[in-house]
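Here is how the chains run, residue by residue.
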Amino acid sequence: MEVPILKQGAVLIATFQAALSDADLNQLRMGLVQQVVKFRSRAVIVDVTAMDVMDSFASRTLREIALMIRLRGAETVIVGIHPEVAFAMVQLGLTLEGVATALDLEEGLAYLNEKFKTTN
Amino acid sequence: MSVGEILVAINSDQDIVLARQKGRVMATELGFSTGDATLIATAISELARNIISYARKGQITLRMANGMNRQGISVIATDNGPGIPDIRQALRDGFSTSGSLGLGLPGVRRLMDEFEITSQPGRGTIVAVKKWKQ
Amino acid sequence: MAKRDSMPTSIETKRNEEPSELLRELVAHLRQNRTQLREEWVVRITETRLLTAMTKEEIFAEATSVYDSYVEALETEAFEALQAYARNLSERIIPRGVETHEVVGIVLLLRDVLARSLFAKYQNDFKKLNRILDAYEPAANRIANTVAVGFVQERERVIRQQQEAIRELSTPVLQVRERLLILPIIGVIDPQRARQLTEQLLRGIRTNRAKVVVIDITGVAAMDVTVANHLVQTVEASRLLGATVIVTGLSPEIAQTLVTIGVDLGKMNTVGDLQGGIEQAERLLGYKVETLAEPR
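Residue numbers (the working numbering), protein chains in the order written: chain A, 2 to 121; chain B, 31 to 164; chain C, 1007 to 1302.
Mixed in with the good hints there might be a few duds.
What the hints assert, rightly or not - Below, in silico cross-link-like pairs of lysine-lysine (DSS-like), each with a Cα-Cα straight-line distance of 30 Å or less:
1. B/Lys52 / B/Lys160
2. A/Lys39 / A/Lys116
3. C/Lys1273 / A/Lys116
4. C/Lys1273 / A/Lys118
Treat the hints as calculated values from the structure; they're not laboratory data.
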């Protein structure tokens, strides 16, 4: 399944679709890191608005993506987690600890702006 | 309107998505709120995932549950895998056999209202859960 | 002796009718005498002073549809459909103040009115009457049961809805400033209310695009482990939506409970009182109280 990845300056925006299988997620993980390297991006925003379920594998994959991207010196922000999905996630003990989160794309970009401002 | 029984064979990771999608549809048809339907779909996803991870293949059965003056959904995950040697351990929060999150059974139990597990080494595993409509 | 097989198989003359044929026969009779039997039933309803909350015209209107559904259920044995009908009917009449004993009462009255009419029709053939009743009674009893259950289910649903509405009213999520929500919790929280609070808060965070939430539990006397877990989950779930949670009014007892369930209070954002919590929230949001620059 193709996941659209947009480039907005130094930020890559990946919009995850709804019914991503494990194989899709694995491919994504590889693909995103490659793109970060290719474009020398400073940050990646992963938009999961379309995901109606976030299970342990999806959660683990997101954390791995963030980790691998950080190794490339870039920041990851997860945005668009639906309130009901967030509720289900914490029941399962999936907290995405260590990964930055924001309400939506707008907030995610604002967060990155703030971060880049202070680190420059 | 009567909701029948749905069996989903779990053989690949794609079946995990299929099982939870069917679960969400059934939950919605049964009149669950979207929030509860999400909890149910998430639980199904974890149960199906366990089947793939530990038994390679199995089955998820979805059907309506009827109780005293209440209705809900019943999800039964079965497999003929190696079985769980120590169920009490598996149900203790934080237990892990493979990787960071382990079986996630305590989590599934939190998501649903009723939880029953039968497992014997060499004889496979059956996890039966139910959620009632609020 | 004439052979039975060669006789015309008219339903009236066959000896051992199938129960379904008997049912069809009595259903036909009930349909034929619909107007009269329905009228009789309404009279009995009024006599026994049931459905006093409704006018005679209303009773008559509902009676018609109930009568037809009753007879239809006898014929088709589609009890699921009947239960759905009963819930539907209940949805209409519960707001009018109709109670369970009234609904059960009128269904039983209808059962009796129809039974008497069967007695009258077959009074000259005692054996046939018995067979007819053998077919009628289990179906009629099942109908009474189905309708009663349908009514009770609907009633319970309405009560749950009302309780839910009351709970929502009593736990407001307040937007005090832009991007700042305050959730004051007062009184006793049971797990169900805790869960509802969490869901409300999360929805509120999204709707108000809140970046900071102050949960004030000054008014909460005690918290058991389950509810304490809910609090922790609320903090974690809020973060997933990009919001920081500040907990204020944490009593020593509740702090102890949190430590017991393994919460690292050092990692949780806590402030003594609500005022302090709001001030910290404002700092987080960048509302700085500027000190005037010294005049140069």
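Exercise. Is the hinted pair B/Lys52 and B/Lys160 satisfied, with a Cα-Cα distance of at most 30 Å?
Worked result: 16 Å, holds
For this session: For the pair we were handed, C/Lys1273 and A/Lys116, check the Cα-Cα distance against 30 Å.
Result: With Cα atoms ~21 Å apart, C/Lys1273 and A/Lys116 stay inside 30 Å; holds.
Exercise. Given the proposed pairing of A/Lys39 with A/Lys116, does the C-alpha separation stay at or below 30 Å?
Worked result: 22 Å, holds
Exercise. Are the Cα positions of C/Lys1273 and A/Lys118 separated by 30 Å at most?
Worked result: 26 Å, holds
Taken one by one, the earlier hints all hold for this structure without exception.
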